[in-house]
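The task is simple: from the sequences and hints, build the whole structure.
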Amino acid sequence: MAVLEFKEDTPEIEKRTPTISITNVLLATDFSATSESALPYAAAICRKFGSTLHLAHVVSDTRLLLMTGGVDYVCFDTLYDDAHNIALENVEHIAAGIGDVPHRVYVRHGQVWTKLSEIVSENEIDLIVVGTHGRKGLGKLLLGSVAEEVLRHAPCPVLTAGPGISRRSQLPGFYDTESKLAPVEFELRSILYATDFTAASPRVAPLAFSLASQFQSRLTLMHAIEGDPRLGDRPESADEDLRRLQHDVPKSASLAYAPGIAIEFGSAWHCIVNKAAELEADLIVLGAHPSDHITHLPWSTVHQVVAHATCPVLTVRA
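Going by numbering that gives the first Met the number 0, the letters in the sequence shown line up with residues 0 to 317, in that order.
FYI, nobody ran anything at the bench for these hints, they're computed from the structure.
Glycine included, each C-beta is placed from N, C-alpha and C at the ideal position.
Possibly wrong hints are sitting among the right ones.
What the hints assert, rightly or not - Label-pair ranges, simulated between beta-carbon atoms:
1. Glu-279 / Tyr-79: 43 to 51 Å
2. Gly-98 / Pro-154: 28 to 36 Å
3. Glu-239 / Lys-47: 32 to 40 Å
Rendered as structure tokens:
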């Protein structure tokens, strides 16, 4: 299973917070505007870490049927060849706009996650980047089919760029006069790490602290308590949760700023999204576990945060 590789800064017994190495990044695209919104982040991360960008599109059977447009094809092979060629042309067009970023392109046919997982395994992918559309209403996938599949199954961290993100404002200067991706720095000035103290926390917290250390970011740790305290009285668990957040701060963390600690009351996803907006966060870091976004689709906390956040969300499964 591919994971972000942590490299120690010093061999001494009192080690500093490890830095992060990202060698291979997968951008899964369905050629929609939401996929386009994720591209600048994938390219910027690759420039920052010297990574290879793997651009992939999976042609599903459903998409093949939609492409017929009522035309009778002689055989399914002809239909597949046409769809494959169109998809390959689109992927190569995207690749042409990322300049000097090392990259590979893939067009696969079949079930979306089955084919993406093959690419993840074959190339030891460290990070998957995907765009989401954030639809609302019954009968529609909240995040889009590709994002839903990736978040359900990815063995590595997933960076999602939702519809609330303005890539031009958050990554200024990303587009040159020819509408190609211009070389810019990927910076994280403010990171929000939200935890519910479950099984995912021990795996996610080190990642949040490592990112904050490497980027010299302001890091805020928060926990949301469902419900509103009456007349200003805090639930008995609030003080204990505050102590747990404080305990999560590693003594050896080499951070530029002392971490902020926050306990919020109300709907968890509302609290996280609102806190991120208040802090003008550049990244939200979340852990996800089976009782959250795997079995209670699609209205879980993680899905709602991804769909409504105004900054990218980095999700790590337990």
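Consistency of the hints with the structure:
1. Between Glu-279 and Tyr-79 the beta carbon distance is about 47 Å. The supplied range of 43 to 51 Å therefore holds.
2. Between Gly-98 and Pro-154, the C-beta spacing of about 30 Å keeps the proposed range 28 to 36 Å intact.
3. For Glu-239 and Lys-47, the hinted distance range of 32 to 40 Å is satisfied, since their beta carbons lie about 38 Å from each other.
Checked against the numbered hints given earlier, this structure breaks none of them.
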